[in-house]
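Undergrad: Mapped onto the numbering used here, the consecutive letters of the sequence shown carry residue numbers 2 to 88.
To be clear, the hints were calculated from the coordinates, so they are not data collected in a lab.
Simulated pairs of lysine-lysine, BS3-like, Cα-Cα distance not exceeding 27 Å: (1) K11 - K71; (2) K32 - K71; (3) K43 - K11; (4) K66 - K43; (5) K55 - K11; (6) K43 - K55; (7) K52 - K11; (8) K66 - K32; (9) K43 - K4; (10) K71 - K43; (11) K55 - K32; (12) K11 - K32; (13) K32 - K4; (14) K71 - K7; (15) K11 - K66; (16) K7 - K43.
Owing to the predicted nature of the structure, the values given are computational and were not obtained by experimental measurement.
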Amino acid sequence: MHKDIKIYTKNGEDAEEVRNVGFTNVQILEKTNYLGEITLIKTPAQHGRGKVLKIAGNVCGLIFKNENEKTLYVAGDTVWYEKLKKH
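From just these sequences and the hints, can you work out the full model?
TA: And the structure:
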């Protein structure tokens, strides 16, 4: 994989790790992102419940939107919880 390929991360900590292995075109996902004609929306997610939340770290899901296509929701590595209802 070329080290200048664009890579999106969920937060600054992940971006730093990706840069530390040599990738140079790293962008942290905002709540709403634009990739040409695609709108990419970062959504909440969680790895588990209780103690798992404290050790598992942050995760996110993604919604891909384009006015000419169906919307795609990628829940990510998450369990079902109340905040997912609104997505």
